[in-house]
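There are 2 protein chains.
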Amino acid sequence: MPKAVLYGVGVGPGDPELLTLKAVRLLKEVPVIAYPAPMEGPGLARSIVGDLVPSGRIEIALRMEMSLERASANAAYDSGAVDIAKHLDAGSDVAFLCEGDPLLFGSFIYLMERLGESHEIQVVPGVASPMASASAALFPLATQDESVLLVPASLSEEDLLRLIGACETACIFKVGRHLAKIRRVLVQLGRLDRARYVERASHPDQRVLSLDEAIDKGGIYFAMVLVGS
Amino acid sequence: MPKAVLYGVGVGPGDPELLTLKAVRLLKEVPVIAYPAPMEGPGLARSIVGDLVPSGRIEIALRMEMSLERASANAAYDSGAVDIAKHLDAGSDVAFLCEGDPLLFGSFIYLMERLGESHEIQVVPGVASPMASASAALFPLATQDESVLLVPASLSEEDLLRLIGACETACIFKVGRHLAKIRRVLVQLGRLDRARYVERASHPDQRVLSLDEAIDKGGIYFAMVLVGS
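As given, the protein sequences belong to chains A and B, one line each in that order. For the first sequence, counting from 1, position 64 maps to 1168 in our numbering; every step adds exactly one. For the second sequence, counting from 1, position 2 maps to 1106 in our numbering; every step adds exactly one.
Take the hints with a grain of salt, since some may be wrong.
[Stated by the list, open to error] Here are some chain A residues the structure puts well away from chain B; computed CB gaps all over 10 Å: (1) 1157; (2) 1178; (3) 1207; (4) 1307; (5) 1311.
[Claimed, not checked] If you anchor each label on the Cβ, the simulated ranges turn out as follows: (6) B:1151 - A:1280: 37 to 43 Å; (7) A:1175 - B:1151: 46 to 52 Å; (8) B:1224 - A:1317: 21 to 27 Å; (9) A:1280 - B:1129: 29 to 35 Å.
For the record, the hints were derived by calculation from the structure and aren't laboratory data. Even for Gly, the Cβ is constructed at its ideal location relative to N, Cα and C.
Using the sequences and the hints given, assemble the complete structure.
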C-alpha cells in the first residue's frame, strides 16, 4: 500500500473562485478533510470551500479559541495531529485546509511540526493575502530592484519603523487593534499618504480605505495595510 | 455599452493546475488575450495556460528581449498598450497574462502605468513564486511575530546583508548569476545552512538544492533562494 499523504491545501483569501484547480481536485479526491475552526461554527477555511467538499467525507475540525492565546491552539493541534495520524496510518490521505497559503502565517505549519518527521507531507500553495489585497487596491507591490516586507502588526513600534523604513513596500498583517500604532509609524516615515487599508480582500464585502478612514470606522483583524514609497 | 475591462490575470508559477478557477473562467470568456513574450516563441505565461485559451481568440504577444535591458521592454509595453487600448475602446475585454501574481514583479504593472488612468482595470491574483517555492521545499515562511522579506538578488551585497539580516525569512528573487554574492551574504549572517535553492517551482523539472549544490550545478534565472533563521 502506498503511504498516505497529508496535504496542506491553500484555499486562498476568501473568494471561492480563487481556489486553484489542484485544490478543487484534492477536495474531491481526498477522503478526510481537516481545518482549523473556532469553538463553534465552521471557520473561514471550511466556509471558503463550501460545497466543493462532496457529502460523506470525514471532517476533522481543530477547534480552538480564536485569540492570541496559544495554549488553546497548541492543544487543538496536538489532538488534531493524533486524529489525522490515525487516518494516515490507516492509508487515507488527509487534506488540511488553510486560508491563503499554508506556509505564510498558515496553521498548517503547526501540523508539519508535529507530523513532518513521521508522515509524507505535500503542500499546495494558494493565493496569499498580500496579493489579494494588492489586487483589491490595484496596488503594485514591486518592480525591478524593489523589495517587499511582509510583517505582522503585532511588532513593536520601533521594529515596525526600522523594518518598514528599509523596504519600498510593506504589507502589514493582522492589523486589527494596531491601527493607531501603524499610523504613528507611517507619519514618522512620511508615508501615511502611500498607505491603503484593505479589509476582507476578495470577499463580497471587501473594502479599500485610507488609513484615517479605517481608523474612523474601526479596523478588523482580517485586514492588511499596504504601504508604498 | 458597459466599459470594457483590462484584466491582469495571474497564471501562477508554472503548473497549470495552480491556475485559479477565476483565471480559467476569464480565459474562456475574454475575447482578447495578451502576454509578454520573447522575440520568438510563446513565452512562459502563454505556455502555462496552453489550450485553456479557446481557439479563435485574438492574441497579442508583447515581444521583448528577455534581458535586464529596459529599452526593448519599454517599447514593447508602449506599442502593446496602444494595441490593447484599441480593443478596449471597441468594447472588447482583454486579459493580460502574468506568471505568478500580476502585481509582484509582474509585467502587468507596466500596463497599469500606461492604461490605468484611461481604462477600467481589474486584477486576478495568482499563486506567487515565494509560496510555490516554499511548497516545493516544505519551507515554513512565517508564523506568529515573524517577518518575511521578498528581495531581488540584483541588490548590492551591502543592501542584501542589511535587509536579509533584519527579517526571520527572506525570499530572494531572480537569483541566476548572483549565487556567489548570495552565498557571501549568508555566510556573513551565519545562515548558509538555513538556505534552500528552489528552481522551477511546481514545474515537472522542479529542483530543491542546498546553496552549494546549486553553485556546483549552476543557477538559473527562474529560481529562488529561501533563507530561514
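When the structure is checked against the list of hints, which entries are broken? Sort them ascending.
Number 3 only.
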